[in-house]
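Protein chains in written order, with this note's numbering: chain E, 1 to 143; chain D, 1001 to 1118.
No lab work stands behind these hints, which were simulated from the structure alone.
The reader is advised that the hints may include incorrect statements.
Said to hold, decoys possible - On the chain D side, residues computed to face chain E include the following (Cβ under 10 Å):
1. 1014
2. 1021
3. 1030
4. 1032
5. 1034
6. 1039
7. 1042
8. 1043
9. 1064
10. 1108
11. 1110
Stated by the list, open to error - Simulated crosslink set (DSSO-like; lysine-lysine; CA at most 30 Å straight-line):
12. E/65 to E/41
13. D/1004 to E/95
14. D/1044 to E/31
15. E/65 to E/82
16. E/41 to D/1044
17. D/1088 to D/1004
18. D/1088 to E/41
19. D/1107 to E/31
20. D/1088 to E/9
Glycine included, C-beta positions come from ideal geometry on N, C-alpha and C.
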Amino acid sequence: MAESEKTIKLEYEVGKEEFSKAGLASSNIKKVLNQIGIDAKVVRRVAIAAYESEINIVIHSEGGKITTEISHDKITVIAHDKGNGIENLEKAMTKGFSTASNEAREMGFGAGMGLPNMKRTSDQFSIESSKGAETRVEMIFNI
Amino acid sequence: MLLKEAKEILDAEILAGEEYMGREVKAAFSCDLMSDVLAFVDDKVLLLTGLTNLQVIRTAEMLDLSNIVFVRGKRPNEDVCRLAKEKKMVLMGVRHTLFEASGLLYKSGLGAIEIEGE
């Protein structure tokens, strides 16, 4: 296999309402990216997006996982949860719109900035979801 | 502004990272919403907040933000301080309100961050 085709894959389970563990996956992703010498600005953008994804899974879903793939020219972060889906994606993407619980708000989240932040920090952003279904967010960061 | 100057101005108690008080901050951001911190803040910024949970440290970590002031007399628990020490962060606690602490620093020359337009 050519050097340029090698990829590193990281996968972390994220539990429903596990507020105390929220951030562990993103912290590990950040650590690995720093260790392999990715530019600090790119690392920060990936870390923010991964962390917002992680918080979203903890707050809004039945649990899920975050997968990160690092190749020679890009980093792909996929946040995939087990449901229960987003009813109105357009609303969910609007800054300030949130359906978060009081517990999430007490932690400093639920400001309706998560998905917009993830879109802002990534070079490519896509989200698939519908009410009652799984949600899958894919973000690509060019290196 | 150096952190040790901020400490004097705010009459702050150091909760973690005493050895890093020579660090400089370029601006401050006062906020209890971690999502907004993630949206607007860069490193070299002093964060003032009334939230003391673990997610404040995690938020700071993602941003490479290393300096935090807790206002309104609030103090984080040991787990929070331990994680902050591990991440080489400075944590300070003050009795002032968020408004007052921000005002004291602003009056002493520490400015705001710039919010990027749409």
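To see whether the hints hold, each was checked on the structure:
With a least beta-carbon distance of about 23 Å to chain E, the hint placing residue 1014 of chain D at the interface is violated under the 10 Å criterion. Look at residue 1021 of chain D: its Cβ only gets to about 24 Å from chain E, farther than 10 Å, so that hint breaks. Given hint, residue 1030 of chain D at the interface with chain E, is violated; its Cβ is 13 Å from that chain's nearest Cβ, farther than 10 Å. Annotation: residue 1032 of chain D was flagged as interfacial toward chain E, and the flag holds, the nearest CB pair being 6 Å apart, inside 10 Å.
Given the 10 Å rule on beta carbons, the hint for residue 1034 of chain D holds: about 3 Å separates it from the nearest Cβ of chain E. For residue 1039 of chain D, the suggested interface contact is upheld, since its CB lies about 5 Å from the closest CB of chain E, less than 10 Å. With its C-beta approaching chain E no nearer than about 8 Å, residue 1042 of chain D sits inside the 10 Å limit, and its interface hint holds. At a threshold of 10 Å, the smallest CB-CB gap from residue 1043 of chain D to chain E is about 8 Å, leaving the interface hint in force.
This hint holds: residue 1064 of chain D has a C-beta 6 Å from the nearest C-beta of chain E, less than the 10 Å allowed. Checking residue 1108 of chain D against chain E: minimum C-beta separation of about 27 Å lies over 10 Å; hint violated. Interface restraint check for residue 1110 of chain D: the shortest CB-CB distance to chain E comes to about 22 Å, outside 10 Å, so the restraint is violated. A distance of roughly 24 Å separates the Cα atoms of residue 65 of chain E and residue 41 of chain E; the hinted pair therefore holds under the 30 Å criterion.
Between residue 1004 of chain D and residue 95 of chain E the alpha-carbon distance is near 37 Å, which puts this suggested pair outside the 30 Å criterion. Straight-line distance between C-alpha atoms of residue 1044 of chain D and residue 31 of chain E comes to about 20 Å, which keeps the hinted pair within the 30 Å bound. Under the criterion of a C-alpha separation no larger than 30 Å, the hint pairing residue 65 of chain E with residue 82 of chain E is consistent with the structure, at around 9 Å. A C-alpha spacing of about 14 Å is found between residue 41 of chain E and residue 1044 of chain D, which places the hinted pair at or below 30 Å, so the restraint holds.
A hinted pair counts as satisfied when its Cα atoms are at most 30 Å apart, and residue 1088 of chain D with residue 1004 of chain D qualifies at roughly 16 Å. As the CA atoms of residue 1088 of chain D and residue 41 of chain E are separated by approximately 19 Å, the hinted pair is consistent with the 30 Å bound. With a C-alpha separation of about 38 Å, the suggested pair residue 1107 of chain D and residue 31 of chain E falls outside the 30 Å cut-off, and the hint is violated. Distance hint between residue 1088 of chain D and residue 9 of chain E is fulfilled; the C-alpha atoms sit about 28 Å from each other, no more than 30 Å.
Violated hints for the displayed structure, listed by number in ascending order: 1, 2, 3, 10, 11, 13 and 19.
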